[in-house]
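First residue of the sequence shown: 1, per the UniProt record's numbering; consecutive thereafter.
Everything labelled a hint here was simulated from the structure, so no lab data went into it. Hints should not be assumed to be uniformly reliable.
In silico DSBU-like cross-links for lysine-lysine, where the CA-CA straight-line distance does not exceed 30 Å [what the hints assert, rightly or not]:
1) Lys300 - Lys154
2) Lys27 - Lys154
3) Lys154 - Lys26
4) Lys300 - Lys257
5) Lys257 - Lys297
6) Lys257 - Lys154
7) Lys28 - Lys154
8) Lys297 - Lys154
Between beta-carbon pairs, the in silico distance windows are [claimed, not checked]:
9) Gly101 - Gln140: 28 to 34 Å
10) Phe40 - Tyr161: 22 to 28 Å
11) Ala237 - Ser112: 37 to 43 Å
In this text, a Cβ means the ideal position worked out from N, Cα and C, and glycines have one as well.
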Amino acid sequence: MFVNGLLGAFTIFVMVRRQMIYLTEKKKMNHVLATILILFEVAAVITVPLYFMIRALLGKVQNIDMDISSLQKMIENLEIQLRQRFGYDLFSSENLTTATGYISTVIQYLISQMSSMVVTVVVLIFLLYFILLNFRTIEQYFYELLPFSPENRKNITSEVYVMVRSNAIGIPLLAIIQGLIAYIGYLIFGVPSALLFGFLTCFSTIIPIVGTGIVWVPIVVYLMMVGDWTNAIGLGAFCAIILTNIDNVIRFILQKKLADTHPLITVFGVIFGLSVFGFWGIIFGPLLLSIFFLLVKMFKTEYLDKGNM
1 MFVNGLLGAF TIFVMVRRQM IYLTEKKKMN HVLATILILF EVAAVITVPL
51 YFMIRALLGK VQNIDMDISS LQKMIENLEI QLRQRFGYDL FSSENLTTAT
101 GYISTVIQYL ISQMSSMVVT VVVLIFLLYF ILLNFRTIEQ YFYELLPFSP
151 ENRKNITSEV YVMVRSNAIG IPLLAIIQGL IAYIGYLIFG VPSALLFGFL
201 TCFSTIIPIV GTGIVWVPIV VYLMMVGDWT NAIGLGAFCA IILTNIDNVI
251 RFILQKKLAD THPLITVFGV IFGLSVFGFW GIIFGPLLLS IFFLLVKMFK
301 TEYLDKGNM
């Protein structure tokens, strides 16, 4: 939780660093006042879009027909389709026991994640306050620790800021674009609650390997089960050909344009980062890989090429 809070605070600091410099060094604003002002800005940027998103989702969920008889009929039709096509008993005692255990595990996991998130946010705000308040001193301290020439020190600090900024901008932008494309596809092929699934697809872009497939593949299977083969095939082709490739193309273009990052560094960095840092690994996984290769290059330039070893 502390690590996630620290990584989150550093990411936000990189995004607002120029504003802090402008307020304190150009406008000569008091450091404490500038810090509090930026913290309010950060809170607004996070909470306002989140509020409207949750409001839209709740409105969509409330509009879903929750008639018990209709819901029961839909489940019964699905069970009949599974039994007729595959000989699979959806409501067997074994499946019900497994489902009950799975639901219990998911609920416990969600509760633990919510408590962890609250602690992480508190740590993030606390650390961000002190980083903003003393950012020049902190930057100078770490700058002097780097065992390189002044030129290479500037290179590595610049690389860190550019990589963090590019990921912090690029990843949400990619998620929004892909969510919109998925939403259009769901509308075209008659997916119920298309807006809700569009939001879910938007968030699923951060999952490595499977990505948006964790949302649209079950939807395609559902359409097949209810006998809507035309839309099932159409949606499957749309997502497999367009949505998946758009993900790769946009991700690589953004990373290349914003930070000149090789696509393989982005892919393997995200996989590594998520396993080590959780959510913030999306940003810091590629960053650590980029810094590693940059350090190797600097070591070669600083020591091997100059014969200092």
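Structure-based check of all given hints:
{"no.": "1", "hint": "Lys300 - Lys154", "in the structure": "holds, 17 Å"}
{"no.": "2", "hint": "Lys27 - Lys154", "in the structure": "holds, 26 Å"}
{"no.": "3", "hint": "Lys154 - Lys26", "in the structure": "holds, 22 Å"}
{"no.": "4", "hint": "Lys300 - Lys257", "in the structure": "holds, 26 Å"}
{"no.": "5", "hint": "Lys257 - Lys297", "in the structure": "holds, 21 Å"}
{"no.": "6", "hint": "Lys257 - Lys154", "in the structure": "holds, 21 Å"}
{"no.": "7", "hint": "Lys28 - Lys154", "in the structure": "holds, 26 Å"}
{"no.": "8", "hint": "Lys297 - Lys154", "in the structure": "holds, 14 Å"}
{"no.": "9", "hint": "Gly101 - Gln140: 28 to 34 Å", "in the structure": "violated, 54 Å"}
{"no.": "10", "hint": "Phe40 - Tyr161: 22 to 28 Å", "in the structure": "holds, 23 Å"}
{"no.": "11", "hint": "Ala237 - Ser112: 37 to 43 Å", "in the structure": "holds, 39 Å"}
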